[in-house]
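Asker: Here the protein sequences line up with chains B and L, keeping their order. Numbering-wise (the numbering used here), the first sequence opens with residue 39 and increments by one. Numbering-wise (the numbering used here), the second sequence opens with residue 39 and increments by one.
There may be inaccurate statements among the hints.
Claimed, not checked - Cut-off 20 Å, straight-line C-alpha distance, at most; resulting in silico cross-link-like pairs (EDC-like, lysine to aspartate or glutamate):
| # | chain 1 | residue 1 | chain 2 | residue 2 |
| --- | --- | --- | --- | --- |
| 1 | L | Lys87 | B | Glu131 |
| 2 | L | Lys60 | B | Asp64 |
| 3 | L | Lys60 | B | Glu131 |
| 4 | B | Lys60 | L | Glu131 |
| 5 | B | Lys60 | L | Asp396 |
It is worth saying that the hints were derived from the structure and are not from the lab. Just so we're clear, the structure is a prediction, and the values are computed from it rather than from any experiment.
Chain by chain, the residues run as shown.
Protein chains: 2
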Amino acid sequence: MENAFSDRINDVPKSFIREILKVTIDASIISFAGGLPNRAFFPVKALQKASNAVFEQAGAEVLQYANSEGYIGLREQISERYRKRDGLDIAPEDILITTGSQQGLDLLGKTFLNEGDDLIIEEPGYLGAIQAFALYRPRFHPVPVGEGGMDTEKLSLVLQERSPKLLYTVTNFQNPSGISYSNENRKAVADLVQGSSCIIIQDDPYGALRFSGEPKISFKQLAPDNTVLLGSFSKTVAPALRLGWLVAPPGIMDKLIIAKQAADLHSDYLAQRILHRYLADNDIDAHVATIVAQYGKQKEAMIGAINDFFPAGIQCTNPEGGMFLWITLPETMSSMALFEAAIQKKVAFVPGTPFYVDRKDSNTLRLNFSCSDEPTIVEGIKRLAESIRELS
Amino acid sequence: MENAFSDRINDVPKSFIREILKVTIDASIISFAGGLPNRAFFPVKALQKASNAVFEQAGAEVLQYANSEGYIGLREQISERYRKRDGLDIAPEDILITTGSQQGLDLLGKTFLNEGDDLIIEEPGYLGAIQAFALYRPRFHPVPVGEGGMDTEKLSLVLQERSPKLLYTVTNFQNPSGISYSNENRKAVADLVQGSSCIIIQDDPYGALRFSGEPKISFKQLAPDNTVLLGSFSKTVAPALRLGWLVAPPGIMDKLIIAKQAADLHSDYLAQRILHRYLADNDIDAHVATIVAQYGKQKEAMIGAINDFFPAGIQCTNPEGGMFLWITLPETMSSMALFEAAIQKKVAFVPGTPFYVDRKDSNTLRLNFSCSDEPTIVEGIKRLAESIRELS
């Protein structure tokens, strides 16, 4: 059967995270492995109210096929939010509603990538992006990211030696590392890319979840012709609805709409209308502020416990927002080995492996802090510290 | 910019239907062009009730990320329905919930097709399938379908000369032609395919909409190892939810799930839960029977008006279900030219062109009868008859 499949699907390994999450179904395990927003903040009542309003006011219309671009009212709200929050002037017509921002990645891969095309991705990078792009069989060029942003020396080299079509970035509170690009780093990246035909994909699922520090400048301001933005409601409202969006100039949008039609005709229209009603009737900024306050406390608890319990020689990022920390163990320690040891102590995390294009074993790992309360975080970090000591 | 895009997207023309539907926004036009189910039958109240039940009984859980395969309760309902209605024994684990059955097509293309692989498609064929598969750049082998089913002589030739990976079929009330494969034809097709590595995709969005005649045997019974089934709730419940499904054996399913994760992680989970609740609390068979009764009357009205008003020498299919009729004009008459003339008389349809892989101008056209009441159908067919006479 194997040779009946496409080369692209034979090349993509089964999701690593999926296998790990299976282990963590055991309720006695403290899991820092997930990438989920905290369900305690899902606006259940407000969405139910919005749903009833939509059924009553719009009736059968919201159950019919709809246009591929998405509900114009929702795209206007997104446009308005860019204007108010980011000072960005983005026309609703330049916004495409996607089935989660994951679909945005698939549509971009489909629209831009021929087999063997060059693509720059952060290292470590978002594994969902690696997976989505891998299906179009590009040549990946990982460029390291760390505190402050992307390694511009390495980026410059790749841009000189190759002609990458896409540069994938998560500039705010990156998944997996939690790092953010500084304004200086953004400017340096934009300067390098501008004038080339490389498109910067600025994926921003966590941007609204800022605990501290100042919002940073967008690539849309620095390199407007070279930038595509991805956004998501999964971390601010609810992931189940699978609603995200993509911002692209008209020349690119025309192609993306062809890809969108072929992919699923349009995203769930009832969900779009419910979300639109919810955003119209509720103060989303106040809602997000509640989430941010709690995630911020949980991050502090995790950083505090790491400082208290981890042995010396272990590095940890200190994000200004988002849902993840990134741990660098001593060079000789394998995070895959640590994972096995930690599961024995009933604590789980994601080893660095799936965040590297070459899936190498590494001394790095990701910790999620959005889904555990503070005492659980402290207990889990204690267990993890014990596992590290055992392996040292 | 053009050369920045992938070859696949540069090759796919903008949706023809989309352009046509723009013309029909004019309310004075009687449109037989759409492919929409009749919104008069959308169960607005029952879905609202189901939505409230889900919010109240399940709360935050239905707003969280969910598994890629889809909600097990919904997959069990689909499995049960196959057992009861079709006598098919399909395990819920062999069912993948997709974002409309359109996504099923994209996932199958992604999972099976390398560039240049051979693919058999009906001629005329469903344009959404042509569009979805075209993005994976296969070599299309159109095989004619007509009253009774697929041209097995031509099919046999293609199977002998090439090694097609996929054979795409809509065996019940096909879009665009309305034809169905007879049991004899299904057996002949299955016999030809069995033993080869070709997968038959049996897409069945309209199967439940039968006005007359007997249900036919499934490829799943005739060639179980070679068959993938696609299904949809768009024509029986509501299209806006974008919920369909795919049935495949485990060896194929594993690959499809990888493709599904990369495409959108999972389909809208709230919508899955609402649909599940709706199906649990309502008699879907009774609901579909109401739709079928009305569509059947509308089809009779259209066939009657065609017999009354069309000039001689025009052929028309007489479907036992579904939403479409297929007209064959005299050989010298172009349906594109007729479209221009008909728009002047305020009646619209879809010319045959987009249903042919080579997009040739043709003397064929598709008429939709699901969305217009009987007097409107008669008036529209009168206008169309006048346009035909003018062109003759």
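Asker: Each hint should be assessed against the structure and marked as holding or not.
Answerer: Do the hints match the structure? See the list:
{"no.": "1", "hint": "L/Lys87 / B/Glu131", "in the structure": "violated, 34 Å"}
{"no.": "2", "hint": "L/Lys60 / B/Asp64", "in the structure": "violated, 54 Å"}
{"no.": "3", "hint": "L/Lys60 / B/Glu131", "in the structure": "holds, 17 Å"}
{"no.": "4", "hint": "B/Lys60 / L/Glu131", "in the structure": "holds, 17 Å"}
{"no.": "5", "hint": "B/Lys60 / L/Asp396", "in the structure": "violated, 47 Å"}
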